[in-house]
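**Student:** Residue strings, one per chain:
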Amino acid sequence: MRNSFLTITVTLALVVAHASWTRAPYRESQQPLTLAERLRTPVQSYTLKAGNFPQALLKIGSQFKIPMGIAWVRMPSALTKVDLSWKHTTVQGIIQAIVRTQRGYDVEIGESIVHIAPVNLVPDKEDFLSLRVTNFSVRNEVAEIASKQLHALVGPSIARPKRILAGGILGTQLTEAHDPNISIDLKNVSCEGALDAISRISPFKIWLVTFAPDNSLTPTGFRRTVWAARGEAFPDADQPVWELLKWGRAPY
Amino acid sequence: VRPAPRSWLAQGFRNHAVAATNGTPGPQSQLLLVSDSPNPIDLTVVIRNLYGQSLLDSETIQPQAKLTIDLASTIIKLGADPTGTFAEGSVAVDYIGTIMPVVGQMTVTNPALSLTHEVDMIENDPGRSDIPPVLNGLWWGLGGGRDAQVMVSNTSMNPVIADVYLDYQGSHHAVQPITFVPNETKVLDINQMLAGLGVDPAQAPSGGITIIGQGPQPALIASGKITDPATGFSSTIDFPDPQLEFASALHASGLPIGTPSKDSPYAGDGTFVPEVVVRNLLGTPQTVTITVEYPQPSDASSAAGSSASAPPDPISAEDGTHSPPTGEYLIPAFTIPGYATEDVSLSSVMNDLPLPLPFCSIRIQYSGAHGSMEASVSSVEQNQDLTVDAKVENEGNGWAGSGANPWHLDKNTESILFLTNMSDKPVRIGSKVTAHGVHYYLTDLQLNPHETRAIDIRALRDAQKPDLNGSKIPPAATDGSVIWIRGDNVPVEGRLLVIARRHGLASSYDCCICACGYDYGALSVTPASATIVASTTTQLTATVTAHDCNNNVFQVNMTGPSRWSSANTSVATVSGGKVTGAGGGSTYVSASYTACGQWLYEPTNGGCVCEYNDVAGGSSNITVLVPTSLAIVAGTSSTTSESTCSTGSGTGCGVTRSFMYQVLDQNGKAITASGIASLQFWDAIQVTSPNGLDAGSFKTTCSPPNTGPCGFYVNSQGQFHEGGVSSCSTVCYSSGTCITAGYTNANQTIHIGPYAIVQHLAYYCNKVSVNGQ
Numbered sequence: 001m002r003n004s005f006l007t008i009t010v011t012l013a014l015v016v017a018h019a020s021w022t023r024a025p026y027r028e029s030q031q032p033l034t035l036a037e038r039l040r041t042p043v044q045s046y047t048l049k050a051g052n053f054p055q056a057l058l059k060i061g062s063q064f065k066i067p068m069g070i071a072w073v074r075m076p077s078a079l080t081k082v083d084l085s086w087k088h089t090t091v092q093g094i095i096q097a098i099v100r101t102q103r104g105y106d107v108e109i110g111e112s113i114v115h116i117a118p119v120n121l122v123p124d125k126e127d128f129l130s131l132r133v134t135n136f137s138v139r140n141e142v143a144e145i146a147s148k149q150l151h152a153l154v155g156p157s158i159a160r161p162k163r164i165l166a167g168g169i170l171g172t173q174l175t176e177a178h179d180p181n182i183s184i185d186l187k188n189v190s191c192e193g194a195l196d197a198i199s200r201i202s203p204f205k206i207w208l209v210t211f212a213p214d215n216s217l218t219p220t221g222f223r224r225t226v227w228a229a230r231g232e233a234f235p236d237a238d239q240p241v242w243e244l245l246k247w248g249r250a251p252y
Numbered sequence: 001v002r003p004a005p006r007s008w009l010a011q012g013f014r015n016h017a018v019a020a021t022n023g024t025p026g027p028q029s030q031l032l033l034v035s036d037s038p039n040p041i042d043l044t045v046v047i048r049n050l051y052g053q054s055l056l057d058s059e060t061i062q063p064q065a066k067l068t069i070d071l072a073s074t075i076i077k078l079g080a081d082p083t084g085t086f087a088e089g090s091v092a093v094d095y096i097g098t099i100m101p102v103v104g105q106m107t108v109t110n111p112a113l114s115l116t117h118e119v120d121m122i123e124n125d126p127g128r129s130d131i132p133p134v135l136n137g138l139w140w141g142l143g144g145g146r147d148a149q150v151m152v153s154n155t156s157m158n159p160v161i162a163d164v165y166l167d168y169q170g171s172h173h174a175v176q177p178i179t180f181v182p183n184e185t186k187v188l189d190i191n192q193m194l195a196g197l198g199v200d201p202a203q204a205p206s207g208g209i210t211i212i213g214q215g216p217q218p219a220l221i222a223s224g225k226i227t228d229p230a231t232g233f234s235s236t237i238d239f240p241d242p243q244l245e246f247a248s249a250l251h252a253s254g255l256p257i258g259t260p261s262k263d264s265p266y267a268g269d270g271t272f273v274p275e276v277v278v279r280n281l282l283g284t285p286q287t288v289t290i291t292v293e294y295p296q297p298s299d300a301s302s303a304a305g306s307s308a309s310a311p312p313d314p315i316s317a318e319d320g321t322h323s324p325p326t327g328e329y330l331i332p333a334f335t336i337p338g339y340a341t342e343d344v345s346l347s348s349v350m351n352d353l354p355l356p357l358p359f360c361s362i363r364i365q366y367s368g369a370h371g372s373m374e375a376s377v378s379s380v381e382q383n384q385d386l387t388v389d390a391k392v393e394n395e396g397n398g399w400a401g402s403g404a405n406p407w408h409l410d411k412n413t414e415s416i417l418f419l420t421n422m423s424d425k426p427v428r429i430g431s432k433v434t435a436h437g438v439h440y441y442l443t444d445l446q447l448n449p450h451e452t453r454a455i456d457i458r459a460l461r462d463a464q465k466p467d468l469n470g471s472k473i474p475p476a477a478t479d480g481s482v483i484w485i486r487g488d489n490v491p492v493e494g495r496l497l498v499i500a501r502r503h504g505l506a507s508s509y510d511c512c513i514c515a516c517g518y519d520y521g522a523l524s525v526t527p528a529s530a531t532i533v534a535s536t537t538t539q540l541t542a543t544v545t546a547h548d549c550n551n552n553v554f555q556v557n558m559t560g561p562s563r564w565s566s567a568n569t570s571v572a573t574v575s576g577g578k579v580t581g582a583g584g585g586s587t588y589v590s591a592s593y594t595a596c597g598q599w600l601y602e603p604t605n606g607g608c609v610c611e612y613n614d615v616a617g618g619s620s621n622i623t624v625l626v627p628t629s630l631a632i633v634a635g636t637s638s639t640t641s642e643s644t645c646s647t648g649s650g651t652g653c654g655v656t657r658s659f660m661y662q663v664l665d666q667n668g669k670a671i672t673a674s675g676i677a678s679l680q681f682w683d684a685i686q687v688t689s690p691n692g693l694d695a696g697s698f699k700t701t702c703s704p705p706n707t708g709p710c711g712f713y714v715n716s717q718g719q720f721h722e723g724g725v726s727s728c729s730t731v732c733y734s735s736g737t738c739i740t741a742g743y744t745n746a747n748q749t750i751h752i753g754p755y756a757i758v759q760h761l762a763y764y765c766n767k768v769s770v771n772g773q
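So the protein lines, in turn, are chains A and B.
Sequential numbering of the first sequence, starting at 1, is according to my numbering.
Sequential numbering of the second sequence, starting at 1, is according to my numbering.
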């Protein structure tokens with residue numbers, strides 16, 4: 001999964017179009033600094049206190065406006081409090097120092113997002129983020145709908161598809177007022193690449209995947225995911241689970 | 001005892017100061033007046049030369065305003081010669097007012113030589129004069145080219161003979177009495193006086209001068225300066241009033257020490273060594289203890305210059321509860337012989353202090369009776385071209401606990417207000433900054449025990465943070481006044497320092513508008529009414545309108561000390577002014593306090609006695625709204641319908657309706673109260689009649705599904721979005737054809753914070769209805 005990241009980011013084909021009459025499209029041009037510039041931001045003195053490893057990353061991401069894709073295993077060692085101080089460093093230096101507090105994690109800096117993920121803790125074949133989607137197409141929808149549609153495309157590979165009743169599926173998606181509509185058209189993209197795409201053009205700048213600490217697998221051989229905040233498990237029918245977060249928002 | 005009710009106007013207040021005017025190119029004399037009056041005051045400025053000849057000018061000072069009078073131009077305007085007979089002299093200002101509604105100070109500067117000294121005006125009301133019967137001053141650092149001069153002025157219309165004494169080398173020496181004609185000013189040269197006694201100044205580098213006017217009515221005032229034109233060294237010689245010294249402890253506030261830290265108002269000005277000079281006025285030895293007080297270094301200050309940290313907020317920094325504790329360094333006690341003057345340099349203790357420090361304050365305690373010791377405290381930059389004098393106040397002088405000071409800002413000049421709590425108890429301070437007729441209230445100023453606070457006027461101005469009235473210091477203001485007064489009966493001192501860095505000049509303005517603290521008055525609770533959402537909170541503020549002895553108004557935040565109560569706790573509860581909505585309805589939330597309604601000054605012991613306690617109260621009408629129902633915002637609903645798709649794609653099938661929800665209260669009205677934006681929303685669906693449809697996937701708004709909250713917040717208009725109520729199939733599962741079906745019914749439970757609202761959904765393959773709409 002890690003090695004494929006760069007390839008995916010350069011093959012992204014993002015289409016922002018057809019803004020509905022109720023909402024203006026969200027455009028990257030609203031962000032004046034590139035990711036690389038933000039990561040190079042000098043920090044003379046900084047003290048970080050956070051409840052655990054992902055919260056520390058979320059704080060840095062939110063404070064310095066860094067898009068992040070975070071995958072982590074909810075092991076006890078990652079749940080200990082973080083209390084770190086720095087002098088004369090950079091934002092990138094802070095992120096790398098946080099990641100170094102955990103064994104088996106790595107930082108990858110892409111064109112538009114920083115990935116923090118376990119290197120060997122989750123084998124690639126058990127990692128749903130490596131799954132490829134033939135056609136991820138979203139037309140003028142909010143990011144949450146795009147996320148649900150991605151889930152509908154990925155879910156059947158994680159657990160056996162549910163029997164579709166004759167009438168199909170009903171559902172709702174409540175969103176915050178004035179969240180912008182987005183459009184995405186990606187071919188043969190990994191699930192991770194699809195989440196990156198959502199992050200890139202929506203207000204949800206951080207995606208968070210929490211793997212279960214017990215190494216348990218779904219019937220199709222993928223590592224189960226849980227909720228970040230409380231670690232609650234979910235039925236296989238609802239797997240996999242990820243959380244999309246705006247900057248400044250805590251995992252729910 | 002307080003002299004009179006505030007409505008009474010006393011006539012004949014008169015202030016005097018002595019100073020050199022613009023006699024030669026270089027020295028500039030400015031009279032700076034600040035009003036503590038709520039009304040304009042007409043002034044008569046009387047300029048007298050050394051021989052008592054007078055020039056009169058008329059001025060008007062506006063309420064709480066600063067008035068600057070340049071003496072040279074005024075003398076020229078009045079037809080006299082500021083380089084001739086009016087090169088030196090004294091100034092009096094006459095006006096009609098209350099207790100001390102106008103404060104004045106003469107500042108004499110010579111930018112070319114980096115020399116400056118200041119002279120406070122002294123109240124000379126015919127009914128209550130502050131002119132001291134004995135004038136005690138001290139000199140230090142003489143020899144090596146330094147001069148020390150004392151100007152003495154006879155403020156009366158009668159001749160006065162003065163007895164003069166010089167103390168040096170531990171002895172008390174009488175010199176020839178000096179005769180003053182009416183309104184005459186004489187310049188006494190210490191070096192010459194010593195020479196007259198056969199003493200070389202190098203043999204008496206430190207010493208004291210005492211001047212006692214003969215006769216029952218004190219009439220002489222004095223001021224002095226020590227200067228060294230070669231280095232730019234200049235320091236002021238004060239003559240404190242012994243009648244106001246009711247404690248055996250002295251205090252000097254806000255001095256630079258060492259190389260000041262980056263967050264110091266003295267940052268970049270050099271490296272300083274404080275000099276404490278003490279003079280024993282008794283003929284017997286005394287023990288002296290000197291304490292250096294300093295702000296404890298904090299992470300915030302050590303992180304100065306961080307590009308990732310916001311600059312300190314000059315307003316929130318006023319909150320004493322967030323101040324670092326004050327550190328103290330005690331210099332071992334030492335004995336000073338009778339009639340001796342000793343110069344104690346703090347250079348020997350600098351290594352024991354946690355330098356760098358932003359500033360320090362100096363406390364001097366002595367073993368003799370009240371007023372038996374005087375002191376001078378200055379911080380001298382190592383190149384001696386900048387000397388920062390700090391007015392030394394006796395801790396028993398209640399007048400020191402208030403001030404009306406002028407400030408000035410330009411590209412080379414900063415103004416810093418130093419306030420020192422000299423007691424072991426916290427103290428509130430009432431204060432306001434005035435510029436261009438705008439009054440900016442500092443309502444939350446509170447000092448911890450022994451704390452010295454530095455308030456940077458530029459930072460306060462540039463923050464442009466509105467006060468409780470919504471006022472801001474005009475951003476272009478370069479001149480104004482700051483008035484402050486203690487709110488509790490504990491000793492406080494303060495001064496406003498104006499540093500002109502380019503010229504190496506530091507001027508200190510202090511003193512005094514009232515002998516006691518402000519009187520507590522009416523209390524108001526703001527906002528007067530508030531609407532909040534149940535389960536959310538709002539903070540009320542209790543503000544007291546306080547008055548000083550001149551009826552000048554201050555506003556003081558009393559939210560913390562007030563007692564709070566709710567008339568109906570089933571609607572709202574309150575603690576410390578923080579109101580929490582409990583249930584729908586309206587109620588009153590009240591605050592009350594008891595504090596001194598009028599202080600009385602006792603001049604015999606300098607104490608302040610509360611004449612009566614004032615019980616005041618106020619309330620706010622609180623309305624609590626409960627999220628009860630939802631409405632679809634008109635014009636926001638749209639429906640899309642798609643019937644074909646590409647296999648495996650995420651879109652292309654079904655009927656989707658999106659719209660904006662409006663949260664309504666128990667009365668069916670839209671909730672727009674600010675608390676609504678703190679509530680999260682999420683939902684869950686229960687199918688009540690499947691008819692072939694399945695709710696298996698999109699059960700709730702959350703990912704992961706089925707539970708909440710989901711990290712989504714209602715906006716400030718009480719709205720959130722239904723991104724898509726979807727029917728039939730939203731995913732194309734096979735054959736490029738969408739699955740269709742009939743209809744079903746479901747209940748959608750939408751949670752708004754702790755409140756649950758049930759909507760009825762009806763799904764058709766070509767229609768989605770919400771509550772039948």
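Hint data in this document are derived by calculation from the structure and do not stem from the laboratory.
The reader is advised that the hints may include incorrect statements.
Keeping only pairs whose Cα atoms sit at most 27 angstroms apart, straight-line, the calculated BS3-like set for lysine-lysine is [stated by the list, open to error]:
id : chain 1 : residue 1 : chain 2 : residue 2
1  : B       : 472       : A       : 49
2  : A       : 59        : A       : 246
3  : B       : 578       : B       : 472
4  : B       : 578       : A       : 87
5  : A       : 65        : A       : 87
6  : A       : 49        : A       : 246
Chain B side only, calculated, beta carbon under 10 angstroms to chain A, not exhaustive [what the hints assert, rightly or not]:
id : residue
7  : 656
8  : 660
9  : 710
10 : 717
All figures in this text were calculated on a predicted structure; none of them were measured in a lab.
Ideal placement from N, C-alpha and C gives every residue a C-beta, glycine not left out.
**Student:** Take the C-alpha atoms of residue 472 (chain B) and residue 49 (chain A), compute the straight-line distance between them, and say whether it is at most 27 angstroms.
**Tutor:** 35 angstroms, violated
**Student:** Does residue 87 (chain A) sit within 27 angstroms of residue 65 (chain A), going by the straight-line distance between their CA atoms?
**Tutor:** 20 angstroms, holds
**Student:** Taking the least C-beta to C-beta distance, is residue 660 (chain B) closer than 10 angstroms to chain A?
**Tutor:** 6 angstroms, holds
**Student:** Hinted pair, alpha-carbon criterion (27 angstroms max): residue 59 (chain A), residue 246 (chain A). Please report holds or violated.
**Tutor:** Status holds; Cα separation ~11 angstroms.
**Student:** Hint validation: residue 656 (chain B) versus chain A, beta carbon distance must be below 10 angstroms. Holds or violated?
**Tutor:** 9 angstroms, holds
**Student:** Would you mind confirming whether the straight-line C-alpha gap from residue 578 (chain B) to residue 87 (chain A) stays at or under 27 angstroms?
**Tutor:** 38 angstroms, violated
**Student:** Taking the least C-beta to C-beta distance, is residue 717 (chain B) closer than 10 angstroms to chain A?
**Tutor:** For residue 717 (chain B), the interface hint holds, since the closest Cβ of chain A sits about 7 angstroms away, which is under 10 angstroms.
**Student:** Please verify whether residue 49 (chain A) and residue 246 (chain A) have alpha carbons no more than 27 angstroms apart.
**Tutor:** 20 angstroms, holds
**Student:** Going straight from one Cα to the other, do residue 578 (chain B) and residue 472 (chain B) come out at no more than 27 angstroms?
**Tutor:** 26 angstroms, holds
**Student:** Interface hint check: residue 710 (chain B), Cβ to nearest Cβ on chain A, cutoff 10 angstroms. Holds or violated?
**Tutor:** 5 angstroms, holds
This entry does not satisfy hints 1 and 4, going by the numbered hints stated previously.
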